[in-house]
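Student: Chain by chain, the residues:
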Amino acid sequence: MIALIGLVTLTLVAVAAIATVMATNLFVASMWFGIFSLLMASNFFILDAADVALTEAAVGAGVSTVLFMGALALTGEKEAIRSRVSWFPMAVLGVLALALFVATFQQPMLGDPMAPVHQHVAPWYLEQTPNLINIPNVVTAILASFRGYDTLGEVIVIFTAGIGVLSVLSFKPKRRQTISSEALAAKVRGVQHHSILRVVGKLVIPLLMLFALVVQFHGKYTPGGGFSAGALFAAAVMLYGILEGADRSAKAMPEKVMLRLAAFGATLYTSVGLVCMLLGGAFLDYNVLWPDPVVGQYFGILLVEFGVGLTVTTVLVMIFNAFANRPTY
Amino acid sequence: MMEMIVDGLSWLLLAGGGFFVLVGGVGVIRMPDLYTRIHAASVTETLGTMLILIGLMLHSGWELATFKLLAILVFLLFTGPVSSYALGNTALLGGLKPELGSQDPSKEGRDL
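Residue numbers (our numbering), protein chains in the order written: chain A, 768 to 1096; chain B, 9 to 120.
It is worth saying that the hints were derived from the structure and are not from the lab. Hints are not guaranteed to be accurate.
[To be verified] Distance condition first, Cα-Cα at most 25 Å in a straight line; then the derived SDA-like pairs of lysine to any residue:
1. A:Lys969 with A:Glu1022
2. B:Lys76 with A:Asn810
3. B:Lys76 with A:Tyr988
4. A:Lys969 with B:Asn97
So that you can see chain A by itself, here it is in the shape it has in the complex (with noise of 0.2 Å):
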């Protein structure tokens, strides 16, 4: 029944993934860019993989088209036509897709477990973790402790991306801008009487925000950690921003107090792993955190967990409050 529908959502999956390289209108095809990302959440949850599900749903389905909706307003929602069809790129990936094809049948099958996959480490950390954790999400262990060096570089990319897209979208013409985003905002809350959007929108932001923290502070337990939770509390504000004008919401969140928060949840994680090495251990070694290993960990994962949570959310914040208030010209 669970190859069924997992056979159905695979197919809508391509469908999908057609239907946003085949639409020429940019807004059609990012619409269905979301689409195809909350397909795949929906297989990632049927694989069992609820972490990575979750984090797909609220950054692939969620903010990523919200960002797109504000690049599509700078820009034009028109793809430039291009009527010369380049072969040799094409050529490249005929054979590239054959390739996999050829590859995809010397893959092991779903869930096997003679997989090289399950043969290597995997063993390892699901009959340590409760010894050394004792968290019962496996992923979050994995995550926040056995690997963390690999998650401190992904926080660091994250950071790296947040800057450098601030730095491209800050960049100010000569020219004189016609309107600046607050008056164009101001001017767009003139015309919409959107009181039944902003009335249920407050009903829903602070739940999202609760979710958000619940997913934050009890992704040990149940699925979830700093990157969802940050991407959930960046779409919390994004909606604010949406409903009541992003002047509002670059005030509520301004871009001074983002960048600083973005900076010191990245330094948090590595700071922790700075202390862990004072006190005798190695880098990102929580156990010399607490007397007790066990506690020692459960510390380390809880910080370093709201580093990321903080540099995920402050850095989608600032770049929806970078294109949404990039002034007209």
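Use these hints to put chain B onto chain A, whose structure you have.
Tutor: Relative to the frame of chain A, chain B by itself:
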């Protein structure tokens, strides 16, 4: 006895929900313009999901899952109609005219 009634009721609600989801899907394909399509789709997201979720709640009994389903139901009842409203409102503001029934007899019976 009681169990059988609850099971039957849950089966009935699930089947009814499935039916309305199907009707909504047919409506989205068959309806002529955006506004009528939203109308068809909102059948799916309110009546269809409501019946399915209540059916699942009956099925699960007094468990934690029941309250989770209830929370999802309340959330969907708030957001579903509102998102339909937002879609319709934005389409109208964007200048999309609803397709009105034509009084012109020569246009009657055209393919929708």
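Student: Look at each hint and say if it fits the structure.
Tutor: Hints and how they fare:
Between Lys969 (chain A) and Glu1022 (chain A) the CA atoms are separated by roughly 23 Å; this keeps the pair inside 25 Å, and the hint holds. Between Lys76 (chain B) and Asn810 (chain A), the direct Cα distance comes to roughly 21 Å. Compliance with the 25 Å bound is thereby established for this hinted pair. Simply put, Lys76 (chain B) and Tyr988 (chain A) have alpha-carbon atoms about 17 Å apart, close enough for the 25 Å limit, and the pair holds. For the suggested pair Lys969 (chain A) and Asn97 (chain B), the alpha carbons sit about 19 Å apart, so the restraint of at most 25 Å is met.
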